[in-house]
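This is what each chain is made of:
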Amino acid sequence: MITQGIVMAFLGSAIAIGLACSGSGMGVGIAGAAAEGVLTEEPEKFGLMLFLSAIPGTQGIYGLLVGFWVLMKTGIFAGVPLPLTLNQGWQIFFACIPVGVVGFFSGWYQGKTAAAAIGLVARNPEEVGKATVMVAMVETYAVFSLLASLLLFNGINL
Amino acid sequence: MAICKVKKVNLFTHIELKDKVILELQKAGCIQITDVTTKLATSDLLTYKKIKATEIDSALVEVKYCIDYLSDFKDISKKSGKSIDPLKDIYDYKKLAFLFSNFDSKNIYRKCKELDGTLKELKNRENYLKNLQEHLEEWKELDIKIEDLEGTKNTKLILGKIPLKNYIFCLEEIKKIGQEIEIKKIDKNNKQYKMIIISISEHCHFINKILNKYNFEYFNFPLEFSGTPKNILRDISEELKSIEKKREDIFDISKKIYRENLSLYLAFDYLNICKSRKDIEIYLKQTQKVIIIEGWILEKDINKLKKQLFEENKELEMIFSNPKENDNIPVALINNKFIQPFESITELYGIPQYKEFDPTPLFAPFYFIFFGICLSDAGYGLIMAVLCYFALLKFKFKGTTKKFIKLFFLCGLSTLIIGAIMGSWMGDALNYLPPNILFLKTFLIDKLSLLDPIKNPMPLLLISLSLGVIQIYTGFIIKLIANIKESKMKIGLMDQGSWLLLISGLLLYIIANTITCPVGFKIFTKYLTITGVLSVVITQGRSNKNIILKIAVGIISLYNLIGYISDILSYSRLFALGLSTAVLAVVINTSVLFFKEVPFIGIILVTLVFLAAHLFNMVLGVMGAFVHSTRLQYVEFFTKFYKGGGSPFKPFKTTTKYIKVQISR
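Quick note, the sequences are listed as chains A and B, same order.
The opening residue of the first sequence carries number 0 in numbering that gives the first Met the number 0; numbering runs sequentially from there.
The opening residue of the second sequence carries number 0 in numbering that gives the first Met the number 0; numbering runs sequentially from there.
Isolated chain A, as found in the complex (with noise of 0.2 Å):
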């Protein structure tokens, strides 16, 4: 039965999702256009311009993990939902938006920064270590989110 609390946990799940992988979106096309640069000139760094541009993908990964895993909890998933009460659906709704939002805005960023790194290590092959940790802290508010969803999801009694 589809009650309210159901479609609640469905926006949530699009919020999580949606967002989250435009975030990724955004962040992989800017480091991808920086990469195609690099390549015009140095084709034998695709490897590392790979990894590179690829960083910013991974909100979207959060986003749909956590969207995927309310279609799981709540049922949807295998054709069964459960009858949420609206104020359960609210608080997955909820749990949904860490994810969602820090996830656009620092895949977005993240996308920004390894560009520069890109740039860093198109000139500085051997500072790929340091290009890479500068990255890696805009992930840092992106697993954070991650963790908010994950625990507030925990604490709704379903």
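The set of hints was computed from the structure by calculation and includes no laboratory data.
Be a bit skeptical, because a hint or two may be false.
Okay, the calculated bits of chain B under chain A, using three or more residues with CB under 8 Å as the criterion [unchecked claim]:
| id | segment |
| --- | --- |
| 1 | 20-30 |
| 2 | 620-634 |
The calculated lysine-lysine pairs, modelled on DSBU-like cross-linking and capped at a C-alpha distance of 30 Å, are [stated by the list, open to error]:
| id | chain 1 | residue 1 | chain 2 | residue 2 |
| --- | --- | --- | --- | --- |
| 3 | A | Lys129 | B | Lys401 |
| 4 | B | Lys139 | B | Lys244 |
| 5 | A | Lys44 | B | Lys397 |
| 6 | A | Lys129 | B | Lys336 |
| 7 | B | Lys4 | A | Lys129 |
| 8 | B | Lys397 | A | Lys111 |
Over the 12 Å line for every Cβ pair with chain A, so calculated as not near, a few chain B residues [stated by the list, open to error]:
| id | residue |
| --- | --- |
| 9 | Tyr92 |
| 10 | Lys229 |
| 11 | Ile279 |
| 12 | Ile333 |
| 13 | Asn335 |
| 14 | Phe408 |
| 15 | Pro434 |
| 16 | Lys487 |
| 17 | Val532 |
| 18 | Leu568 |
| 19 | Phe574 |
| 20 | Leu576 |
We treat Cβ as the ideally placed atom computed from N, Cα and C, and that holds for glycine.
Given chain A, work out where chain B should sit, using these hints.
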């Protein structure tokens, strides 16, 4: 310890032995030669002039050119399969020199240059002809010979195209100029008329003006040809064919040259070896009869060097000495084979300075565990370990790459262990096993698995945070010990001791208040915390002279506490990443089953999607695990005690790109 002891070596020898000694040094490959030209800039010592290495340099350029040119013909010639690959042999110096002296690189260079030049000419000609072809194609119907289009002494011919809508106006205007003009339409396409204008020379200037106004496109006839456009087109296509033929011939010749001259690669490496010997000479100084070489050597290599040098030469003198304080001493790391792969992580950050210690053994166990928790799937770990193991067997990796592959092998093992503890084998794939091998599941999950983070995530979160606490403590303690070793006991106790006191007090206080424990313990932790706070306030402002500032700075420094706590919280990423791989794997397994509904090929689809999706998840997981375990070392751990920024030890040795050179006799 894990940083090699380095000695300074000064080597003196007779000038006539220069080449021989440098060759022996290269063979020994254990000295990093330093530039003494500025240090010994006295007038009675001569700098080695920039030696005329031009011969080697130019030969190298030529060989490189040939390699680049011929590499285009490599793949095709491989199919013929007959070529014996000389690159797989192992050469020694004597054989290499002998082979090189018999090798006529000049001749090959000349051939390649000629072929390359011809190819380029052919390409240019081809482009030109193709353009012309396109151009002429539009005038195929014109039944006038090109040479006749030049006109006569008094008449001129103008050919071209004009937009349909402009034709009438243009015609009228031209007619106004005079009677002696003939205009003929030849053909039209959907946009333009093709027309020909014949007029006496006097009118040409005016006609051109009008034509330009109406966007007339002139037809420039190719005067090098003769005949009607149709004939010319035929000639052109014939010439194009012959170009294609010529090119194929050149390809065949090039392929043959490539097959017959794999020694080019040999020559390239040999020349590079020679060049590096010449390059090193600019670092040397000499008197009238003696040359001076200075360098760094690892203490353990001293005997090897002595043996190598004195075996063939007697007329040289070596002095080994301890490095001075302010020298920029190069650093080489040495660790046992379990720790060694982790050096790659240290190298990425920057290797330690000579006076520091090597952090590799200190973070290696943490890294090992962290990576495992981040990836946290036994199936993935097993795949990783097996892949890396076979890669190590099959390919001969060198240097950093080898270290990385070994690192990933170890990390794979760690993932296998931790994944088994968490009961995740490609997610929950074991649940879908057929009933007759279900005992596998019972064994793997019920016996081996200790916690299930998907059902109950809290224990894993607590484990992650505790690991953080342990690592931060380790960082503090390492710095404390380092300070004590440098006999800065007081500083160590004040900077690290006070913080250790405060953080321990705080943590114990929190623990004491969450679980039931004796009242005495609670009071003890309370006072411990207060002592910690006081000790931090008192010690941290000590560099200021003013007593008020001392206390103020001390109090402000308590703010660092937030930094340390956020450091510890940062380790929660281990939990988040670990859980994310595991949950995604479960999601994959669940969604893969949808494909079962597909008729006929359902089960094949399920298998394919299952493999592809898990591979994808694994690659992402490995990437995340690598980046985040590394970051935890760099940002949270290293900042407590480690500086880095040493310069790596780079011995002067034989480096080759294509072939293997054996040095020992």
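**Message:** Hint by hint, where does the structure go against what was stated? Just the numbers, ascending.
**Reply:** The structure conflicts with hints 1, 8, 18, 19 and 20, although it agrees with all the remaining ones.
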